[in-house]
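Asks: Residue strings, one per chain:
Number of protein chains: 2
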Amino acid sequence: MRMITLSEAATLLTENDNYHILTHRYPDGDTLGCAFALCYALRTLGKNANVILDSKLPSKFTYLAENYCDQDFVCDFVVSVDVAAPQLLGSLQEYYADKINLCIDHHASNSMVADNLCVDATCAAACEIIHVLIKAMDVEITKDIANAIYTGVSTDTGCFCYTNTTAQSHHIAAELIDLGCDIEKINRINFETKTRAKLKMERMVYDTMEFYCGGKCAIIYTTIAMQKALGAGDDEMEGLASIPRQVEGVKIGITMREKEDGTFKVSVRTNDGVDASKFCARFGGGGHVAASGCSIKGDLQSAKYMLIKAAEEVL
Amino acid sequence: MRMITLSEAATLLTENDNYHILTHRYPDGDTLGCAFALCYALRTLGKNANVILDSKLPSKFTYLAENYCDQDFVCDFVVSVDVAAPQLLGSLQEYYADKINLCIDHHASNSMVADNLCVDATCAAACEIIHVLIKAMDVEITKDIANAIYTGVSTDTGCFCYTNTTAQSHHIAAELIDLGCDIEKINRINFETKTRAKLKMERMVYDTMEFYCGGKCAIIYTTIAMQKALGAGDDEMEGLASIPRQVEGVKIGITMREKEDGTFKVSVRTNDGVDASKFCARFGGGGHVAASGCSIKGDLQSAKYMLIKAAEEVL
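Read top to bottom, the protein sequences are chains S and A.
All you need for our numbering is the position in the first sequence, starting with 1, plus 320.
All you need for our numbering is the position in the second sequence, starting with 1, plus 320.
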């Protein structure tokens with residue numbers, strides 16, 4: 321296992337021929353943007369390359385795969401993109417965990433096991449690394465690649481709103497727009513469209529909001545029963561995590577989502593430098609300073625109690 | 321009245337000595353960003369300059385005026401910024417309407433009367449024009465100026481999300497971040513903070529949502545009674561206009577807000593190229609293709625009826 325530079329990573333991506341690109345479970349715009357951008361770039365170079373998903377491509381992101389079909393080949397090089405820890409590979413972990421040749425990531429908390437690690441935690445999105453890599457691979461950025469990279473940069477920065485946004489994020493966006501990136505479609509899909517079911521889910525979630533620690537901690541939750549009552553799928557659940565942190569005075573915003581396996585998927589968003597990554601590490605999770613996640617086993621009340629207890633200790 | 325270039329406008333802004341800078345009523349981030357950026361730039365050149373408001377500076381924007389005090393002087397040059405039509409000057413119209421020496425704006429529908437017009441409708445924000453102007457005036461962009469310009473560009477593009485966002489918008493943002501612009505504070509204030517009263521207002525507004533034209537038109541409203549019940553001020557009312565357009569399938573999203581003078585302030589947001597500016601022109605208003613406004617006299621039901629009728633004709 322060795323840390324490598326971007327240009328060493330670019331070399332690895334031109335020296336081999338048959339690539340599998342692994343994404344993280346519950347795939348988001350950044351891991352998918354990385355995977356499709358890199359896949360299109362490798363194919364431009366005449367390589368075989370497939371994007372490997374833990375589960376179905378979320379319907380909102382089908383635009384990334386408009387010009388994509390799985391290829392038939394024997395893999396000789398495995399790359400993971402935007403995957404911070406082995407368990408985040410989900411169902412891919414069992415087969416791939418000890419076969420990763422190159423890990424490309426932007427999480428400071430990265431704990432992946434791979435032959436080569438290319439991690440830059442100064443990047444707001446892993447797609448910012450992919451952007452530099454593709455240029456270093458001497459591949460022209462096509463419209464498909466531009467759309468994929470923009471998807472990662474824009475979704476991981478909350479459309480250039482979160483504190484992780486840098487001048488580099490904006491420079492890349494400007495370049496991609498000049499290259500024909502379809503920001504109108506992408507922004508509309510990712511930031512400006514709510515199904516009626518999602519609207520109803522938001523209303524229902526507002527009703528669950530509780531405040532602790534003198535208003536500095538806000539918690540919301542969703543249950544399987546709520547999802548069923550509204551016919552809400554995974555798409556309807558996205559973005560809920562940003563709601564509790566937005567309330568004036570809140571430093572830790574917690575969103576709990578009941579899963580079928582008896583756990584709660586917990587998303588933590590913080591303000592004022594409170595470390596969400598450290599908070600989630602208490603429960604075996606991780607992520608970024610202002611946005612992290614973890615899983616907690618148990619019923620709603622006991623899981624909530626543990627989270628409130630942890631918030632009280634942190635604040 | 322003559323159309324002038326940016327460099328001619330820059331000359332006018334260096335040739336005179338005592339400037340009043342007029343903003344539009346219900347001042348938003350763009351008109352205020354323009355005014356404070358230009359004011360700080362003029363003062364750097366040793367000029368006298370004041371920002372003139374129709375009403376009190378909205379509390380969320382006080383950060384723009386942290387290093388601002390009104391000066392005492394006799395004005396000899398009047399500039400309007402981001403004001404598309406004389407009536408949008410509000411209470412300033414009576415005194416200033418026939419005294420405007422330079423109008424700087426980015427609305428294609430601009431109908432101002434002024435000695436000199438500098439209008440560039442390709443700019444997402446009037447602050448993008450101000451950015452070029454200040455450079456042409458050879459003034460260094462200080463942190464205060466950067467914060468003001470960023471405020472205009474980010475608020476008028478919905479934090480780089482709306483369809484009006486261009487590569488230029490991103491280039492300017494990148495430059496301002498490099499110049500020390502405080503995007504963390506500004507984005508948090510403008511995009512990431514909701515008072516509890518605002519949260520309650522959103523919930524109440526969701527309950528008023530009605531769909532027409534087979535789901536292509538969505539309408540929400542607020543009344544003075546609703547505002548009073550929640551103790552919601554002007555700050556709580558901001559951003560509501562983006563709610564109805566976000567619903568899947570909606571092409572015209574209409575937000576009606578009852579005002580004390582017996583009118584409804586109407587905000588129209590559109591998708592798929594439906595012209596919001598033309599829609600609002602039917603009621604004496606105007607704005608941009610995807611975001612416009614107008615005022616309608618009458619009670620809730622009759623005003624709503626007129627708007628639905630117009631939507632049916634347009635769709």
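Any given hint might turn out to be false.
[Said to hold, decoys possible] Listed next, the in silico EDC-like pairs over lysine to aspartate or glutamate satisfying Cα-Cα at most 20 Å (straight line): (1) A:Lys536 x S:Asp396; (2) A:Lys520 x S:Glu568; (3) A:Lys571 x S:Glu530; (4) A:Lys505 x S:Glu530; (5) S:Lys571 x A:Asp440; (6) S:Lys536 x A:Glu504; (7) S:Lys380 x A:Glu568; (8) A:Lys380 x S:Asp440; (9) S:Lys380 x S:Glu414; (10) A:Lys505 x A:Asp592; (11) S:Lys536 x S:Glu632; (12) S:Lys505 x A:Glu568; (13) A:Lys520 x S:Glu530; (14) A:Lys571 x S:Glu504; (15) S:Lys380 x A:Asp592; (16) S:Lys505 x S:Glu568; (17) S:Lys505 x A:Glu386; (18) S:Lys520 x A:Glu530; (19) S:Lys520 x A:Asp527; (20) S:Lys520 x A:Asp592; (21) A:Lys536 x S:Glu632; (22) S:Lys536 x A:Glu512; (23) S:Lys520 x A:Glu386.
Keep in mind the hints are simulated off the structure, nothing from the lab.
Asks: If a hint holds in the structure, say so; if it doesn't, say that too.
Replies: How the hints compare with the structure:
| no. | hint | result |
| --- | --- | --- |
| 1 | A:Lys536 x S:Asp396 | violated (50 Å) |
| 2 | A:Lys520 x S:Glu568 | holds (13 Å) |
| 3 | A:Lys571 x S:Glu530 | violated (35 Å) |
| 4 | A:Lys505 x S:Glu530 | violated (25 Å) |
| 5 | S:Lys571 x A:Asp440 | violated (41 Å) |
| 6 | S:Lys536 x A:Glu504 | holds (19 Å) |
| 7 | S:Lys380 x A:Glu568 | holds (12 Å) |
| 8 | A:Lys380 x S:Asp440 | violated (35 Å) |
| 9 | S:Lys380 x S:Glu414 | violated (27 Å) |
| 10 | A:Lys505 x A:Asp592 | violated (33 Å) |
| 11 | S:Lys536 x S:Glu632 | holds (9 Å) |
| 12 | S:Lys505 x A:Glu568 | holds (13 Å) |
| 13 | A:Lys520 x S:Glu530 | holds (13 Å) |
| 14 | A:Lys571 x S:Glu504 | holds (14 Å) |
| 15 | S:Lys380 x A:Asp592 | holds (18 Å) |
| 16 | S:Lys505 x S:Glu568 | violated (31 Å) |
| 17 | S:Lys505 x A:Glu386 | violated (38 Å) |
| 18 | S:Lys520 x A:Glu530 | holds (13 Å) |
| 19 | S:Lys520 x A:Asp527 | holds (10 Å) |
| 20 | S:Lys520 x A:Asp592 | violated (24 Å) |
| 21 | A:Lys536 x S:Glu632 | violated (46 Å) |
| 22 | S:Lys536 x A:Glu512 | holds (15 Å) |
| 23 | S:Lys520 x A:Glu386 | violated (41 Å) |
In this structure, the earlier hints numbered 1, 3, 4, 5, 8, 9, 10, 16, 17, 20, 21 and 23 are contradicted, and the remaining ones agree with it.
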